[in-house]
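Please model the entire structure based on the sequences and the hints provided.
Sequential numbering of the sequence shown, starting at 9, is according to the numbering used here.
Honestly, the hints are just simulated from the structure, not real lab data.
These figures come from a predicted structure and were not determined experimentally.
Fair warning: there could be bad hints in the mix.
In silico SDA-like cross-links for lysine to any residue, where the CA-CA straight-line distance does not exceed 25 Å [as the list claims (entries may be wrong)]:
1) LYS185 <-> GLY174
2) LYS185 <-> VAL167
3) LYS140 <-> GLN157
4) LYS75 <-> THR65
5) LYS75 <-> ASP109
6) LYS50 <-> GLN84
7) LYS50 <-> PHE193
8) LYS75 <-> CYS115
9) LYS173 <-> ASP88
10) LYS140 <-> ASP201
11) LYS140 <-> THR33
12) LYS140 <-> GLY174
13) LYS140 <-> GLY111
14) LYS140 <-> VAL151
15) LYS75 <-> ALA166
16) LYS140 <-> THR108
17) LYS173 <-> ASN52
18) LYS75 <-> PHE193
19) LYS173 <-> TYR71
Here are the simulated distance ranges between beta carbons [stated by the list, open to error]:
20) GLN149 <-> ALA67: 32 to 38 Å
21) ASP30 <-> THR130: 16 to 22 Å
22) GLN149 <-> ARG186: 33 to 39 Å
The beta carbon of each residue, even a glycine, is placed where N, CA and C say it ideally should be.
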Amino acid sequence: MFRAMIAAVLIAPTAQVVAAEDIQTATVAGGCFWCVESDFEKVNGVIGAVSGYTGGTTANPTYETIKGSGHYEAVQITYDADVVSYDQLLHLFFRSVDPTDAGGQFCDRGESYRTAIFVSNTAQNASAEAAKAAAQRDLGQRVVTPILQAARFYEAEAVHQDYYKGSSIVLTRRGPKRQSEAYAFYRDACGRDQRVSELWGDAAPFVH
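Have a look at this one:
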């Protein structure tokens, strides 16, 4: 039943959300923020997703200075709670990452690429604890994703917003490509979807 509910929230893209009434935010870290943003902007009820940095102590972090700052690459998701719930978003989140990996995600290693959920109140904390327990039970492995108190969220540079659908030309190991093509190449080469499929099978919601 719950899987059917989750499938239902993936039907319509962000642009089809109309007359939102209960606007809330969720902040998660799931490795490369391009990928997390791309995934969650597909969810019906999500109004937008912004890539950024949070969880560290350094003021005004940047993509170049994030290493050693304690910050995570994170995504702040704005959603209509009348359409999709916080619980549903967390269910999707856990099944879109490798929550057993404490050292990064997929090919991206280091503290800034670790998974985390950032909560801003007791209700979110309770939901996050329940989602973590459910993920651990369903996976049959220890989930290491921490649940952390929300801190200041720094929006990432403009080039990182909606990178997955950008049209600017960037230089890659396979020569010049549009951002959207470079993103698809990176995601495949990094093994994100392969590992998520290996862990979650049919429960993985965003595997391409």
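Tested hints:
no. : hint                          : result
1   : LYS185 <-> GLY174             : 10 Å, holds
2   : LYS185 <-> VAL167             : 15 Å, holds
3   : LYS140 <-> GLN157             : 15 Å, holds
4   : LYS75 <-> THR65               : 12 Å, holds
5   : LYS75 <-> ASP109              : 18 Å, holds
6   : LYS50 <-> GLN84               : 14 Å, holds
7   : LYS50 <-> PHE193              : 19 Å, holds
8   : LYS75 <-> CYS115              : 16 Å, holds
9   : LYS173 <-> ASP88              : 23 Å, holds
10  : LYS140 <-> ASP201             : 20 Å, holds
11  : LYS140 <-> THR33              : 19 Å, holds
12  : LYS140 <-> GLY174             : 33 Å, violated
13  : LYS140 <-> GLY111             : 18 Å, holds
14  : LYS140 <-> VAL151             : 7 Å, holds
15  : LYS75 <-> ALA166              : 19 Å, holds
16  : LYS140 <-> THR108             : 11 Å, holds
17  : LYS173 <-> ASN52              : 18 Å, holds
18  : LYS75 <-> PHE193              : 24 Å, holds
19  : LYS173 <-> TYR71              : 19 Å, holds
20  : GLN149 <-> ALA67: 32 to 38 Å  : 37 Å, holds
21  : ASP30 <-> THR130: 16 to 22 Å  : 18 Å, holds
22  : GLN149 <-> ARG186: 33 to 39 Å : 38 Å, holds
In the structure shown, a violation is registered for the earlier hint numbered 12 alone.
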